[in-house]
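These protein sequences, in sequence, are chains A and B. Here the first sequence is numbered in the numbering used here, starting from 1 and rising by one per residue. Here the second sequence is numbered in the numbering used here, starting from 219 and rising by one per residue.
Calculated directly from the structure, the hints in this document are not laboratory data. Just so it is clear, the structure is predicted and the values come from calculations on it, not from any experiment. Please note that a few of the clues may not be correct.
[Stated by the list, open to error] Here are the simulated DSS-like pairs of lysine-lysine, each with C-alpha atoms no more than 30 angstroms apart in a straight line:
(1) A:86 / B:806
(2) B:570 / B:690
(3) A:121 / B:806
(4) B:806 / A:115
(5) B:509 / A:119
(6) A:86 / B:671
(7) A:116 / B:509
(8) A:119 / B:806
(9) B:806 / A:116
(10) B:509 / A:136
(11) A:136 / B:806
(12) B:391 / B:806
(13) A:115 / B:877
(14) A:7 / B:391
(15) A:217 / A:86
(16) A:121 / B:509
(17) B:877 / B:391
(18) A:115 / B:509
[To be verified] The following residues of chain A were derived to be distant from chain B, with all beta-carbon distances above 10 angstroms:
(19) 7
(20) 10
(21) 12
(22) 34
(23) 62
(24) 64
(25) 109
(26) 117
(27) 159
(28) 182
(29) 186
(30) 210
Glycine is no exception: its CB is placed at the ideal position from the N, C-alpha and C atoms.
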Amino acid sequence: MNAVTVKNLTKVFRQGDEDIYAVDHISFTVAPGEMVAIVGQSGSGKTTLLNLIGGIEHPTSGSVEVGGVDICSSDDETLSGMRRRKLGYIFQDFNLIPILTAEENIIMPLLLDGKKPDKTKLRELAGFLGIENRLKHLPGELSGGQRQRVAIARALINDPVILLADEPTGNLDKKAADEIMELLLAVNRRGNTVLLVTHEQRYADLCGRKIEISDGKI
Amino acid sequence: MTYLLYMKRSFTRSPHRHAVLFAVLTCAFLLPLLISIYRDSNAWGTRQYLLARSAGETYHIGNAAEADVPYFEGIRGLSAPVYRDGTIYLHILSDEEWRNSESVTVFENEIRKRMEASGNEALLPTAYSYEYAHGISTDPSHLSGQRILLLVNMLVILLSVSVVRSAYQSHLKRFSSDVGTLRACGAGRRQISALFAAELAAVFLLAAACAVVISVVSLKALFTAFLEIRHDSLAWLIFHVEPMNILLHLAVFFVILGLSLGMTLHRYSREPARALLNDAENMPNVKRGRKPLRRRFTPAATLCGLWRSRTNRSLSSCLAVSVPVMAVFLLLFNILTVALQVTGAEEEWGVKVSRSFHGGEGFSAEDMAYVSALEGVEQARPVYEPDGYILLPESPEEVETPLRIRPYSGLGAAAQTLSKYEIAVSRKVERGVGDVLRLCRAEAYYDVNGGIKQPAPEDVTVLTVAALTDTKPSGWALDIYVSDELYADIIASEPATGIEIALTDPAMNAQVEAALRTHFAGAEYAVTNRQSGADFLREMSSGVYLLLGYVFAALFLFILLILYVRLCDYIEGNRPLIRTLHRLGASKRTLYRSYIRQDGISAAAAVTAPFLISLPLTALLCAWQKAPLHLDGGMVAVYAALSVLLLFTYWHPVHRSLKRVLRPL
Chain A
1 MNAVTVKNLT KVFRQGDEDI YAVDHISFTV APGEMVAIVG QSGSGKTTLL NLIGGIEHPT
61 SGSVEVGGVD ICSSDDETLS GMRRRKLGYI FQDFNLIPIL TAEENIIMPL LLDGKKPDKT
121 KLRELAGFLG IENRLKHLPG ELSGGQRQRV AIARALINDP VILLADEPTG NLDKKAADEI
181 MELLLAVNRR GNTVLLVTHE QRYADLCGRK IEISDGKI
Chain B
219 MTYLLYMKRS FTRSPHRHAV LFAVLTCAFL LPLLISIYRD SNAWGTRQYL LARSAGETYH
279 IGNAAEADVP YFEGIRGLSA PVYRDGTIYL HILSDEEWRN SESVTVFENE IRKRMEASGN
339 EALLPTAYSY EYAHGISTDP SHLSGQRILL LVNMLVILLS VSVVRSAYQS HLKRFSSDVG
399 TLRACGAGRR QISALFAAEL AAVFLLAAAC AVVISVVSLK ALFTAFLEIR HDSLAWLIFH
459 VEPMNILLHL AVFFVILGLS LGMTLHRYSR EPARALLNDA ENMPNVKRGR KPLRRRFTPA
519 ATLCGLWRSR TNRSLSSCLA VSVPVMAVFL LLFNILTVAL QVTGAEEEWG VKVSRSFHGG
579 EGFSAEDMAY VSALEGVEQA RPVYEPDGYI LLPESPEEVE TPLRIRPYSG LGAAAQTLSK
639 YEIAVSRKVE RGVGDVLRLC RAEAYYDVNG GIKQPAPEDV TVLTVAALTD TKPSGWALDI
699 YVSDELYADI IASEPATGIE IALTDPAMNA QVEAALRTHF AGAEYAVTNR QSGADFLREM
759 SSGVYLLLGY VFAALFLFIL LILYVRLCDY IEGNRPLIRT LHRLGASKRT LYRSYIRQDG
819 ISAAAAVTAP FLISLPLTAL LCAWQKAPLH LDGGMVAVYA ALSVLLLFTY WHPVHRSLKR
879 VLRPL
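Next up, chain A with everything else stripped away, as it sits in the complex (with noise of 0.2 angstroms):
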């Protein structure tokens, strides 16, 4: 069973009287423990791509498999459901809660999920990327590597099927943004499927395979 299958997936968004395709047609699948990144050129729909298959937006037409469930027939409840125990997410600007300290970011989708926070994973996790002395800090106290280290422990806290990573180096110097890749490369390497998004080429080279897209096209 693919980690990911999508089919003719289509989003319009209708701007005035004109209908703009952000993503037109696009059909692929994504293999477990495989790392794919998609690339493109600002515009080109990778971002909306990513957020269909993490089911934030809603397709015109055409469907998302994440582990062998439709996604795009589910209604909220159960979207968010898969969210929380299938996927986890990555942004390019965080998206780190600031009143939380990075513990408390990190054992979040845990705590949404109804679950009781495994203090023995959060701190094997934190070891992991490295952020082990920097749990008790407010994401306004941390730099912007350590804070996206802390929005990778949040996404792979719950062990998803799947890690959604959108520009997660958009944000960062050259030195922090070759961490975190190298970070997840990592992570793929445990054995994690990773779908990332990102317009440099280099470090889409770094993954096993490359989904180009242009005008919503692959």
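Starting from the structure of chain A, add chain B where the hints point.
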């Protein structure tokens, strides 16, 4: 043209925001204006009352005929006498002499001589002080009432100003990106200030005009219908608006809003334009939560706990506004309800006719029969208020004490029985249990020439103070409460000095009063209509009740708007958090429930706290005033209606904002 263009864009782009600001400003102006107009009307009415009573003259000589006028001519320092409707009016020409008590006494002696010279024994002089005749109230209760109204007015201004300032700053925050855009386009600080000042002026003028019109029209209607009522053909509350006071109120608000605008724009001018364009960077500094994040029974409860421990400031501020206002209102409502029930009670003996005791004459059996036969009279009873007695001085250096003699059993809850020559006095006078007092008839003490003589031993009754009462001393005479046995002896030799009348229907009071005034027309008679006084008080209380209800309605609308703005801002401010949590897997329902739960806890506190504060205070007040605490269906219905309204006020903005924020997710 640029200002108009920006304002047009600004108003059309976010009409909702401007409408809320307009409503907040209108309510904020309305509240102090209502109190100010009531205060002005109270002062004006009292002034008119004093002027109408005194007619601006020092002396009124009643029961006069036109033939008496020449006797009062040519008094040096006094105006020429003016005769009108059976009264001669005179006033002291010099204000300084009018204010001087010694010169007033000289004038009074001169008038007394002229009265004697006229030979008209019915002439009845009345003198008015300079202040009274010029409409200046010296009544302590009126002055303290005015001071309290001024204090309340200032407190309401303070409350309104602080809320208006906060609402306006919140409004400006919404337009911070406009400031950023204008600066990015090269607009100078002065140009930006002028744009916002023009917008403020437009909203301010519109809100001020609306508030003035609403307050003047509504209070005029309320005064006409309830408050401007006449007692003894005079009203002491007359609708009056002091334009200067209105302008002063509006000026205070304008200055505060102007300063608020200036300070906000000054702050914006020190920030980079990019920071103003980016809302996220405008978020206040986050502080570390004191309580750790805990997992609860449901994800919604977990999130609710998170909001309550980290982002509850907006809701706390809503409570800080609504709880004190509601508690004060409910307390006033309770007090007024109790007062209305007390003042609304019918007088048992509604009308009384009295006769002065001079000459030893009182009411005869024929008088009693006449009164009993009047239409509207259910029962008539004679009243004996013997005032022809004094207490003899203890030593030659002291003077005699005038007395009012009352039966001890008339106090109702008499704690003990008195033997015949035992008496009770108020514990507030300088007499104690065991003191011996000597009672004597006045004519046995004064001789016919106004001098003093030694009373015969048989005219003196020795009394002993045996009990103390909680009654209030009358001031001019000592009240003594004697045994029923001694009282019976005293009144046996006295004529009835008054007749008290129980009415068949309280509405008959005016008719009975008119009949009594016609029958007992002499100057020695006085008719007291207690029922009319009670009716006046009841009507007045109803008016004040309505006024309070009206002020509270405006206040409630004001609070509603404040809560609406704050709660909407709170949810809007949490939009990034909500979006992040939704991306992390929190369903819309979980997010909605978490916020509604947080809101519900605050709403429950907002509903219960004012009742828990106001009810015990009302009970205490009732116990202190020895008034019964009524909790009838009407009051419970008002409480329930207010609770529902308050719950709705808390729920609706959060619900509406959440729907708006969650819909695009």
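* **Non-conforming hints, listed in increasing numerical order** => Violated hints: 6, 14, 25 and 26; rest satisfied.
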